[in-house]
Amino acid sequence: MNLLFAIYQILLNYILFNTTVNPVNDFMRSIGKIWVVVASLLIIFIAIVLFLFLVERKLSKIEKELEDE
Amino acid sequence: MKLIKQKTYKILAVIILLYVIGFGMLVPLRPGIMKIDIFRAEMGNTVTILIEAYNSTFTKSEDHRIWMRLNNEHFLKANSFEVVNNRQLKATFDIPENPPFDQRIIPASIILDNSFDGTMVLPDALSLVGDENYTVQAEPWLLQPISDLNMRWAYAFPWRNILEETIRNTYFHVPLWFGMVLIFLLSAVYSVKLIRTDNSIYESRIFSLNLIGTVYGLLGIFTGAVWARYTWGAYWSGDIKQDMAAICLLIFFAYFLLRSSMPESKKRDRITAAYTIFAFVAIIPLLYIIPRMQPSLHPGSGGNPGFGGEDLDNTMRTIFYPAVIGWTIFAYWLSDIIFRIKEIDKKLKDRVYE
Amino acid sequence: MTFAGFRNIVNHEFKLEFRQKFSFAAQLLYVAAVVFIIYLSFFEPETLVWNSLFWIIMVFSGLQGGATAFNREFGNSSLFYYQYCDPLLIYFAKIFSVWIKLLILGFVSWFIMSVILGDPVLNKSLFMVTLILGSLGFASLFSFLSAIAIGSGNSGLLLAVLSFPVLLPILLSVINLSVSAMIPNPGDSSGYLMTLISVILIVFALGILLFPFLWRS
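Chains as they are written, first to last, in this note's numbering: chain A, 1 to 69; chain B, 1 to 354; chain C, 1 to 217.
In the DSSO-like style, the derived pairs of lysine-lysine whose C-alpha atoms are separated by at most 27 Å in a straight line are: (1) Lys347/B <-> Lys58/A; (2) Lys267/B <-> Lys58/A; (3) Lys58/A <-> Lys7/B; (4) Lys58/A <-> Lys349/B; (5) Lys61/A <-> Lys266/B; (6) Lys58/A <-> Lys342/B; (7) Lys60/B <-> Lys90/B; (8) Lys346/B <-> Lys64/A; (9) Lys347/B <-> Lys64/A; (10) Lys342/B <-> Lys64/A; (11) Lys61/A <-> Lys349/B; (12) Lys61/A <-> Lys347/B; (13) Lys61/A <-> Lys342/B; (14) Lys346/B <-> Lys58/A; (15) Lys347/B <-> Lys266/B; (16) Lys64/A <-> Lys349/B.
It should be emphasised that the hints constitute simulated quantities derived from the structure, not laboratory data. Predicted, not measured: the structure shown is a model, and the values here were computed from it.
Given the sequences, and given the hints that come with them, work out the whole structure.
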């Protein structure tokens with residue numbers, strides 16, 4: 001409930017005054033902005049996982065072709 | 001690449017990347033001043049400033065010395081201080097009535113030095129505002145430079161004010177660009193080989209290397225955008241280097257367009273190889289020459305200090321260079337997988353046609 | 001590679017070009033029409049708008065000229081003729097003829113624009129140098145890339161896509177150079193001149209290295 005209220009307040013602030021609630025203390029900027037680094041690593045990790053998915057799809061296709069022969 | 005045995009380079013990549021991620025994330029930052037509670041002080045008053053620092057241990061030492069620095073010659077030492085806790089310290093300054101040189105509003109930096117944490121600086125921390133009818137008087141300001149600072153050596157990354165912990169992104173964003181350029185270089189080398197020998201096995205190599213290079217470029221753009229959001233203020237700030245990087249990716253998107261627009265043939269292999277060489281030569285001025293000529297937020301361009309100056313000290317070098325090597329070898333590994341799949345696919349298709 | 005051979009090919013090129021008179025006339029008409037449209041919508045455009053519109057006209061004329069540069073040669077019609085020529089000779093003749101065409105178009109559109117929209121150029125010689133170098137850049141880039149793009153079906157579209165990224169540095173420096181020819185007290189613009197010349201040299205060098213291989217296929 002608290003969370004909902006917070007989101008509501010943020011949205012209201014944004015719509016009414018076109019400002020964000022104290023952007024200096026948001027989550028990404030906490031602990032010396034370490035979460036930005038984490039986000040970067042996460043982006044790279046997601047890319048590797050996507051790569052694996054695509055490679056696997058291609059491999060399944062080749063496997064199927066081999067079976068069809 | 002024949003020199004490197006099949007598995008050794010992969011193990012090498014994994015070890016290097018483990019070292020890079022482990023040390024890159026775990027090595028602490030040097031202590032630094034995050035902020036102070038005021039940003040303006042009237043001259044002639046006694047002010048107490050609450051200094052908030054990051055990663056500091058103020059209670060471990062007694063010999064704190066705090067200065068206000070106006071320029072290379074004029075300083076003001078705090079006459080008393082009070083340690084609140086490890087991260088917070090209160091310093092009291094008696095600011096003289098008159099400025100030491102002819103300027104009414106003077107930006108001042110805060111310098112803090114103690115034997116446990118070493119020296120910390122907060123540039124342009126506050127502005128001192130003089131009286132309207134001030135007179136220039138150098139007397140109470142220190143004229144001799146600050147001496148015997150505690151240069152405590154530690155295996156730690158430098159503190160940068162807006163960057164803070166994101167200085168670690170140097171190992172996860174910058175090497176992607178270096179890796180991309182190296183991968184494209186390798187691909188250009190294979191293109192030259194293809195043009196010389198007309199061997200279509202190189203075509204798969206070029207394709208896979210270009211694919212991984214483009215993926216690295218995209219990753220560089222995305223990680224850079226997130227980094228820029230929390231340091232420069234926006235995902236895309238119209239920085240010249242950002243724009244040039246985007247154009248550089250467009251050049252390689254055009255490669256895939258070109259490749260898919262032609263039926264598979266020797267002619268296509270040769271044309272795409274020629275285009276790859278062209279693209280590689282085209283991205284060098286885009287990434288390394290044009291951004292240097294214009295003002296940019298990136299280091300090493302416009303009026304900014306070059307990359308490798310203040311932004312990359314010796315501690316960071318011990319991780320940054322392995323990071324470049326590690327991410328590049330990793331990219332080669334990824335491209336090798338695509339290359340082998342392409343080759344199997346090709347052989348299978350040939351067999352079906354027979 | 002002789003000068004006589006070079007002259008022969010260029011002669012041949014222009015003869016072919018002016019045999020179909022309509023293509024060159026169409027480009028001139030295109031320039032006139034665009035300038036008239038600008039006149040109707042802006043009346044008296046500002047200096048910067050004038051400048052960018054001028055270079056946009058130049059780019060599209062160059063794309064038109066470049067896209068048709070190798071249409072004939074990669075067909076079978078003049079295969080015999082070109083079998084006896086050095087590919088580099090053909091390449092240079094091609095660049096030269098496209099360059100001359102672009103220059104004519106550039107000066108004509110400058111003339112038309114200054115008659116209809118007013119002439120903001122203060123430093124005429126700098127603008128002329130920019131025009132000459134810029135057209136050389138466009139000509140070499142479009143000729144080289146159209147040799148690459150011709151292999152695919154839709155070469156006109158592909159040429160636009162391929163050339164856009166490399167066109168950008170050329171366009172950037174050309175526009176900045178011509179701006180400094182238009183404002184009263186320009187700063188130092190030698191950096192842009194150097195960029196322009198180096199990009200042209202790079203494209204030239206690549207063309208010399210790669211064109212023979214493209215030609216063989």
